[in-house]
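Residues per chain are reported as follows:
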Amino acid sequence: MPTAAVNRIGLARDAYKGAATTLCAGCGHNSITNHLVKALYEQGVEPHRLAKMSGIGCSSKTPAYFVERAHGFNGVHGRMPALTTGAGLANRQLLLLGVSGDGDTASIGLGQFMHMVRRNVDCTYIIEDNGTYGLTKGQFSATADVGSVQKRGAVNTYQPIDPCAVALTIGCSFVARSFSGDGKQLVPLIKAAMAHGGTALLDVISPCVTFNDHDGSTKSYSWVKEHDNEIHDVSFIPYFEEIHVDYEPGTAQQVELHDGSHIVLKKIAEDHDPTDRLAAIRLLEESRERGQLLTGLLYVDERMEDLATRERLPERPLRDYGEDDLRISREDFGRLMAELA
Amino acid sequence: MCCGRAGISVVRRGNAGREYDVSFGKSNLQQLINDLTFQAATVNGSGSQSANLVLTRAIFSMGIPVAPKNVFPSNIEGLPTWYQLRISPRGYQARHGDPDLLVSLNPATWSADVKAVRPGGAVVHEEAYSTAEARDDLQYFPVPFSKLAKTQIQNDSLRKQLINMLYVGIVAGLLGIPFEAIEHGIQRTFQSKPKAWPVNVDAARVGYEYWREHFSERPIRHVLKPVPGGTDGLMLIEGNQAAALGCVMGGCTVAAWYPITPSSSLCENLIAYADRFRVDPATGEKRIAIVQAEDELAALGIAIGAGWAGARAMTSTSGPGISLMAEFSGLAYYAEVPVVIFDIQRIGPSTGLPTRTSQGDVGFAYTLSHGDTRHLVLLPGTVAECYEFAQTAFDLADRFQTPVFVLSDLDLGMNLWMSPDFKYPEKGFDRGKVLSAADLERLQGDWGRYRDTDGDAVTYRTLPGTANLDAGYFTRGSGHDEEARYTESPEIYARNMDRLARKFETAREAVPRPAIESLSNTTVGLIAYGSTHYAVVEARDLLEERGLAVDYLRIRALPLSKAVVDFVAEHEHVYVVEQNRDGQMYDLVRLLLPPELVGRVRSIRHYDGQPIPAYVITRPLLELEAVPV
Chain R
1 MPTAAVNRIG
11 LARDAYKGAA
21 TTLCAGCGHN
31 SITNHLVKAL
41 YEQGVEPHRL
51 AKMSGIGCSS
61 KTPAYFVERA
71 HGFNGVHGRM
81 PALTTGAGLA
91 NRQLLLLGVS
101 GDGDTASIGL
111 GQFMHMVRRN
121 VDCTYIIEDN
131 GTYGLTKGQF
141 SATADVGSVQ
151 KRGAVNTYQP
161 IDPCAVALTI
171 GCSFVARSFS
181 GDGKQLVPLI
191 KAAMAHGGTA
201 LLDVISPCVT
211 FNDHDGSTKS
221 YSWVKEHDNE
231 IHDVSFIPYF
241 EEIHVDYEPG
251 TAQQVELHDG
261 SHIVLKKIAE
271 DHDPTDRLAA
281 IRLLEESRER
291 GQLLTGLLYV
301 DERMEDLATR
311 ERLPERPLRD
321 YGEDDLRISR
331 EDFGRLMAEL
341 A
Chain W
1 MCCGRAGISV
11 VRRGNAGREY
21 DVSFGKSNLQ
31 QLINDLTFQA
41 ATVNGSGSQS
51 ANLVLTRAIF
61 SMGIPVAPKN
71 VFPSNIEGLP
81 TWYQLRISPR
91 GYQARHGDPD
101 LLVSLNPATW
111 SADVKAVRPG
121 GAVVHEEAYS
131 TAEARDDLQY
141 FPVPFSKLAK
151 TQIQNDSLRK
161 QLINMLYVGI
171 VAGLLGIPFE
181 AIEHGIQRTF
191 QSKPKAWPVN
201 VDAARVGYEY
211 WREHFSERPI
221 RHVLKPVPGG
231 TDGLMLIEGN
241 QAAALGCVMG
251 GCTVAAWYPI
261 TPSSSLCENL
271 IAYADRFRVD
281 PATGEKRIAI
291 VQAEDELAAL
301 GIAIGAGWAG
311 ARAMTSTSGP
321 GISLMAEFSG
331 LAYYAEVPVV
341 IFDIQRIGPS
351 TGLPTRTSQG
361 DVGFAYTLSH
371 GDTRHLVLLP
381 GTVAECYEFA
391 QTAFDLADRF
401 QTPVFVLSDL
411 DLGMNLWMSP
421 DFKYPEKGFD
431 RGKVLSAADL
441 ERLQGDWGRY
451 RDTDGDAVTY
461 RTLPGTANLD
471 AGYFTRGSGH
481 DEEARYTESP
491 EIYARNMDRL
501 ARKFETAREA
511 VPRPAIESLS
521 NTTVGLIAYG
531 STHYAVVEAR
541 DLLEERGLAV
551 DYLRIRALPL
561 SKAVVDFVAE
571 HEHVYVVEQN
581 RDGQMYDLVR
591 LLLPPELVGR
601 VRSIRHYDGQ
611 PIPAYVITRP
621 LLELEAVPV
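In the order they appear, the protein sequences are chains R and W. For the first sequence, the residue numbers in the working numbering are 1 to 341. For the second sequence, the residue numbers in the working numbering are 1 to 629.
Please note that a few of the clues may not be correct.
DEER-style ranges, computed between Cβ atoms [as the list claims (entries may be wrong)]:
1. 320/R to 508/W: 28 to 34 Å
2. 301/R to 479/W: 40 to 46 Å
3. 112/W to 322/R: 54 to 60 Å
4. 508/W to 332/R: 33 to 39 Å
5. 301/R to 259/W: 28 to 34 Å
6. 7/R to 508/W: 23 to 29 Å
It should be emphasised that the hints constitute simulated quantities derived from the structure, not laboratory data. Computed from a prediction, not measured in an experiment: that's the story for all the values here. Note that beta-carbon positions come from the ideal geometry of N, C-alpha and C, so glycine has one too.
Required output: the full structure, derived from the provided sequences and hints.
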């Protein structure tokens with residue numbers, strides 16, 4: 001009998017799987033889940049050290065679909081950052097992996113997202129970004145493009161929020177963007193994010209298969225056909241298969257989606273210095289003007305201290321301390337009472 | 001602590017009331033010893049707080065019980081502020097009301113402040129204020145405060161603050177406070193800043209000398225006499241400071257908060273204690289994380305995340321923050337995550353009066369969040385209980401894996417109260433039902449996060465990071481079965497909700513039980529909770545003097561103990577006294593009672609934002625119980 005392949009801690013790939021997905025077949029989020037399984041397996045992450053955190057929405061359901069044996073916490077809408085911050089303070093040995101969506105992060109949770117970044121909580125923060133609210137049937141999220149049209153005809157007139165641009169301007173210590181169908185790029189980015197000692201933002205464009213295929217949507221087939229070189233976003237995917245791309249750094253690639261629509265992904269050139277924050281902001285802005293979606297590692301600062309370090313927390317998890325470590329001694333307590341008299 | 005019948009009667013009656021052959025104003029009243037309310041009327045931000053504390057500490061050091069109350073505006077600088085210091089022979093700590101001795105340094109409120117002084121009282125005021133409408137039943141003591149400050153206080157940068165120390169000296173003279181007591185008060189108030197002592201002592205002495213030169217031949221109606229040993233064994237502490245100390249002793253390791261009056265000083269005190277007692281001197285490592293969050297949603301979220309991961313975690317807030325915490329509270333209830341939430345109540349609704357007190361969050365906190373949500377609520381009535389219940393709250397949160405609310409209020413939390421020394425905890429932490437890696441090894445995978453193995457509806461949990469492959473489970477605020485798997489099954493949903501209800505019943509008699517003080521042969525009972533306690537203590541003495549003895553049950557937690565039903569059954573009339581408009585506890589008590597007892601319960605409510613005085617209880621009670629005048 002052939003022996004199943006195992007990783008460096010002796011676990012097979014199956015140990016990193018979770019419950020069966022309940023998302024639409026072909027959903028980009030499922031691709032991301034698979035890439036997460038691959039990355040965590042290859043990296044040899046101990047399941048008991050992993051804490052999968054999420055908010056509410058399609059994306060936030062996905063932590064149930066990988067590493068079933070790890071702890072998971074599916075909290076309330078837009079508030080994953082707070083739960084993650086607290087869990088990290090209680091036990092800084094945990095590997096915190098937050099999964100959020102564009103609504104969960106850029107709409108209801110924008111404040112928490114920004115403040116988590118400010119504090120540089122040691123965690124990986126993945127946004128599964130599809131520009132729409134899936135579970136409530138297709139309303140706009142804050143990352144939707146100007147001019148996008150809902151199925152019932154409403155036009156989005158608000159400017160989109162780019163989570164990467166926001167993160168860069170407020171000093172996020174790791175900022176990257178990728179595409180759900182690009183495992184070759186995404187898997188290493190997930191590993192790098194998990195390895196990073198601070199808040200690692202990974203904005204992953206992830207097509208919604210159900211809510212954007214109609215005339216007037218900037219993500220519809222016909223619209224993409226007419227504007228293909230300027231499109232910087234994903235479109236409707238009517239087929240039940242996931243999309244895969246593979247292209248070289250420094251090149252732009254037009255990706256033909258299942259329905260024939262396109263997105264243009266621009267991979268960051270290898271000469272980009274990811275420790276140069278100004279350069280990263282400039283690149284993002286330039287690609288936005290060109291209608292391209294920039295992917296890759298935009299920025300990293302490994303020197304920035306994470307929250308637990310700045311709070312001078314011991315390596316031993318705070319949750320493990322007992323009465324004798326935490327109470328004021330009898331002598332000091334007596335002195336304190338005397339001071340108050 | 002409490003005074004009067006049940007507690008420490010610090011100073012016996014009998015000192016007061018001796019006749020003196022003097023007339024105060026035109027009142028011809030008796031001179032009173034150790035029985036007055038002092039009030040300083042100043043401008044917010046002028047530095048009068050230190051002066052008031054010096055007086056308080058000085059009088060306390062004479063063995064005389066004190067009960068200070070700070071009435072302050074929602075403002076940084078410029079609006080009127082008052083400090084009331086009640087001194088009573090029996091050491092009552094409830095607010096008394098109008099002052100007997102007024103110091104007025106605020107022209108804006110001068111006229112109204114004088115009107116409120118009790119007949120026979122005294123008024124110390126800036127000489128420039130008009131006395132054209134002077135009352136003939138008061139004594140006036142004009143002092144050229146500004147002029148004295150300019151000529152006698154050398155320190156230019158501190159002159160504005162030190163003006164207040166001038167009135168400390170004047171008041172010391174008028175009331176008969178020895179100057180050594182004032183010096184003690186200054187040292188105690190500026191405990192950590194010895195450099196500040198001389199300038200303050202000098203300024204107080206300028207005032208004292210001014211009194212000697214101009215007023216020493218004019219006795220006033222109220223004087224203070226030292227009571228040797230009168231305050232021995234007592235300390236002065238604010239409820240928020242006591243609660244912070246309780247958090248340290250209760251093993252809190254993660255605290256997240258957002259600044260809001262009147263709760264901020266709880267976490268600020270916690271920060272101070274943490275810096276002093278939770279830092280490893282060798283490494284500089286800290287055994288607590290205290291995070292100022294971006295809002296109250298995040299504050300509770302951080303605490304819940306930490307509680308889920310196994311830390312003893314808390315947040316502290318007030319009414320508006322509690323409103324924002326509703327969604328997360330429901331998550332912690334339903335997902336069964338331990339967390340402690342302090343609500344230092346102020347008066348609402350909405351922004352309300354941010355610097356005034358209330359007990360208006362009781363009903364809301366009890367059922368905070370949508371759906372069938374119920375919380376454990378602790379109701380400390382004294383500073384000692386603020387300290388004790390903070391520790392109890394962490395034990396209960398861990399034991400029952402649920403949010404525990406501790407409802408204090410502005411009066412209890414931000415004012416100084418006399419208390420006997422706090423007790424050092426003798427018991428260890430109760431961390432509740434947590435399975436270790438070794439436990440899981442033994443169970444061989446046979447456990448479920450929400451399985452009621454012990455029949456008490458409290459289930460076992462594991463902490464993330466537990467080194468066993470069976471430890472992991474998925475926590476969620478959505479429907480879940482015994483194994484923590486997602487489900488929309490109607491049967492499983494209802495079964496889980498029924499278990500949560502049973503868990504709440506298990507907790508009913510595990511939370512602090514009511515404190516009952518019964519006398520024989522009385523048919524009237526009082527029920528109160530929280531800071532209302534002190535007014536009840538005094539009211540019971542006053543009622544007894546009128547021949548009406550009343551029993552007293554003090555509620556110390558929700559859900560209500562069955563003992564409340566028994567108490568009502570034992571009395572013909574029971575009055576529920578509280579500081580909110582709608583009688584929130586009155587409603588909760590009636591909901592608990594069998595129909596035949598509901599009619600026995602009546603409601604006394606106080607809700608103007610000022611701490612409740614005893615007469616708010618005695619007046620309606622004397623009338624309704626038809627006590628003859």
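Verification of the supplied hints:
1. 320/R to 508/W: 28 to 34 Å: For residue 508/W against residue 320/R, whose Cβ atoms are near 32 Å apart, the range 28 to 34 Å holds.
2. 301/R to 479/W: 40 to 46 Å: holds (42 Å)
3. 112/W to 322/R: 54 to 60 Å: holds (56 Å)
4. 508/W to 332/R: 33 to 39 Å: Given about 37 Å between the Cβ atoms, the range holds.
5. 301/R to 259/W: 28 to 34 Å: holds (30 Å)
6. 7/R to 508/W: 23 to 29 Å: violated (50 Å)
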